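Each residue of the sequence shown is one higher than the one before, starting from 1 at the first, in the working numbering.
Derived from the structure by calculation, the hints contain no laboratory data. Some clues are possibly wrong.
Said to hold, decoys possible - Restricting the straight-line Cα-Cα distance to at most 16 Å, the calculated cross-link-like pairs of lysine to aspartate or glutamate (EDC-like) are:
| # | residue 1 | residue 2 |
| --- | --- | --- |
| 1 | K134 | D53 |
| 2 | K134 | D56 |
| 3 | K134 | D70 |
| 4 | K134 | D76 |
Just so you know, these numbers come straight off a predicted model, no measurement behind them.
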Amino acid sequence: MSIGKQQTSNRQVNALVIIDVQHDFIDGSLSLRKCPSKHNGEEVVPVINRLLDSIDFDVVVYTYDWHPSDHISFFDSLHLRSQFLTNDSIPLADLRPYSTAIFDIPGLARMEQVLWPAHCVQNTSGAELHSDLK
Numbered sequence: 001m002s003i004g005k006q007q008t009s010n011r012q013v014n015a016l017v018i019i020d021v022q023h024d025f026i027d028g029s030l031s032l033r034k035c036p037s038k039h040n041g042e043e044v045v046p047v048i049n050r051l052l053d054s055i056d057f058d059v060v061v062y063t064y065d066w067h068p069s070d071h072i073s074f075f076d077s078l079h080l081r082s083q084f085l086t087n088d089s090i091p092l093a094d095l096r097p098y099s100t101a102i103f104d105i106p107g108l109a110r111m112e113q114v115l116w117p118a119h120c121v122q123n124t125s126g127a128e129l130h131s132d133l134k
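Could you put together the complete structure from these sequences and hints?
Given below as structure tokens:
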């Protein structure tokens, strides 16, 4: 084997990536039922379980939305960064959950941020994968 040569593989790998099937998206603060579509997010759990039972995946990956309790995207954390709101942002008194705030934080790029309800906070039940998921 030569150092510096890239190796490639033609081996096919079957993978299933299960994205953010967490309580806060199923029945918590950002539940699909609360969205305009009114979908029941829990319906995806048996579908995923059937896939896992019927297909021999080489790799199964579960992802987590995983935030610290004071995350910049949380409406309830806005007071921690209100001094960084730009002049062209919606005024602090008028910001609500789902509003977009504009921040200019020293050392970071100017950014637009949707203000979400707190969700998938690290080490909370809302951040856990749905209990019926295999």
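Checked hints:
For the given pair, K134 sits about 9 Å from D53 by alpha-carbon distance, which is consistent with the 16 Å threshold. Proposed proximity of K134 and D56 is supported: the alpha carbons are some 14 Å apart, at most 16 Å. Restraint check for K134 and D70: not satisfied, since their Cα atoms lie roughly 30 Å apart, outside the 16 Å limit. Proximity of K134 to D76 is assessed by CA-CA distance (about 33 Å); at most 16 Å being required, the pair is judged violated.
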